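Trainee: When you get a sec, could you build the whole thing from the sequences and use the hints?
Protein chains: 2
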Amino acid sequence: MQVVLSVKDMQDLASSYKRRGQKIGFVPTMGYLHEGHLSLIRIAKKMSDVCVVSIFVNPLQFGPNEDFNEYPRDLMRDKELLEKEGVDILFLPDEREMYPIDFCTFVEVEGLSDVLCGKYRPGHFRGVTTVVAKLFNIVKPDIAVFGEKDAQQAIIIKRMVRDLNFDVKIVTAPTVREEDGLAMSSRNTYLTPEQRKEAPVLYKSLLLARKLIEQGERDPEKIKKEMEKMIKENANCEIQYIEIVRKEDLKPLDRIEGEVLIALAAKFGRARLIDNITVKVNQEKGR
Amino acid sequence: MQVVLSVKDMQDLASSYKRRGQKIGFVPTMGYLHEGHLSLIRIAKKMSDVCVVSIFVNPLQFGPNEDFNEYPRDLMRDKELLEKEGVDILFLPDEREMYPIDFCTFVEVEGLSDVLCGKYRPGHFRGVTTVVAKLFNIVKPDIAVFGEKDAQQAIIIKRMVRDLNFDVKIVTAPTVREEDGLAMSSRNTYLTPEQRKEAPVLYKSLLLARKLIEQGERDPEKIKKEMEKMIKENANCEIQYIEIVRKEDLKPLDRIEGEVLIALAAKFGRARLIDNITVKVNQEKGR
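Each protein sequence line maps, in turn, to chains A and B. Per this note's numbering, the first sequence starts with residue 1, numbered consecutively. Per this note's numbering, the second sequence starts with residue 1, numbered consecutively.
Think of the hints as simulated: they come from the structure by calculation, not from any bench. The structure presented is a predicted model; accordingly, all values stated were derived computationally and were not measured. Ideal Cβ positions, reconstructed from N, Cα and C, are used throughout, including at glycine. There could be a bad hint or two in this list.
[Said to hold, decoys possible] Not everything, but these chain A residues come out facing chain B in the computed CB check (under 10 Å):
1) Q11
2) A14
3) V107
4) K119
Mentor: See below:
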């Protein structure tokens, strides 16, 4: 595995692959890799000739009171995992090169970035879209793979790619879960043993929502109330939001119909966890 | 000359040139071409293997009360001029493909976009950077050429390219002028014969500023006053601004020093004209 540190080296390398007609598959990460990341890497490898993974804890997507400094890092372990997966290039950009002192250009997907997580993390998605635009211009991927755990992020990036005409195919991959259902996340390391035991209730509440919909429930408010009840009875956490929105544009729904994203965020101490599922409901007759 | 209408065709064509190791030179325009545009095209041709010119009157960079609808258009004449210059590809994007109904992603260079012209055309430079980002992703140029008449635009685009790591070399080319000094512009067609006679005073006031600096004047306020006086005495126009700023970051100056941009905008009836010069002043001894 080749480790690339500078923007120019990465761009020149990417250009040389393109000249050879080789397809570049890309997985941008913030490191501290888990099975979720590895599942994305396996997809990228399958769909391309050269697999590039970036590790960059992007300061621009963290709020002033968020966990940028504490975010877990373990580059040695990450490198071993990437070697084992057969990744071709690890791109490790330098923060000062990515954000020079007078950096002042931002990419923003309006409308989709200020709901759900965006409401609780102002500027977060602007930081994500800006760094992903940068990384796309540096790595020049044909395909980039994102995890569905960050559903809103994936939807925003797809919109950015469409609107700004990035010639990159965005592929999303299912959330990888621990045996008890907890969505894998680098931030799970923040959980105390007690919190770790309680956290799977988030996914259980999503499964409850799916069951209620399958049983015919179409009122988002009723479903959200049941989910909230289940979480509160089983975990000592602060629910930030439980939302049921149209997947396409993240708009709230009066009634469950079409492709629906059920998403939530909750704080277990200093661990802010998110999870979501997608449910498809066929349009019903007579409506 | 090949005329390309769709985004995907242009991207595929650009990718095929890249695979062949051919350098793409690009000149984005709004059409109604004049010698200024042609000078940019000649530079692009010299520096590349394939020369692409786009013509797209970009609605996003016009304010609601600006001249989007009246902006002069003459595609037949433009095509002839481009053929004569030996342009390889004319990219003519479709407005509905460029801006689908739910388009919501914007690129903004903060700090540089709200001064000078940006102060009088809110949202203008956001429209410019957004469309140029799109065009770069579609045309995939190695080199793009911009005119120095739009000095602020060129500075903003260079910053965008640096900040978002576009792998594009930005080249700027000197303003092309009519014999009497008036900067060439598609908008000069708006001028009445009377206004056309008066308009060259804008450039004359810039030359006056240069002369004053050469004579030792270092106070921007005094220079601006002399320029204003000259314009008011010689033309019936509404001066929007006369500014003397540091070229690098467009910040106002207390004292003329270093590389300085002297820029102005004035309305002659419905024609809003801009012009500028750059003056370099060596740091003086004993300061």
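Trainee: Does each hint hold? Answer for all of them.
Mentor: Structure-based check of all given hints:
1. With a least beta-carbon distance of about 5 Å to chain B, the hint placing Q11 (chain A) at the interface is held under the 10 Å criterion.
2. Interface restraint check for A14 (chain A): the shortest CB-CB distance to chain B comes to about 8 Å, inside 10 Å, so the restraint holds.
3. Checking V107 (chain A) against chain B: minimum C-beta separation of about 5 Å stays under 10 Å; hint holds.
4. Evaluation of the K119 (chain A) hint against chain B yields a violated restraint, the C-beta minimum of about 17 Å exceeding 10 Å.
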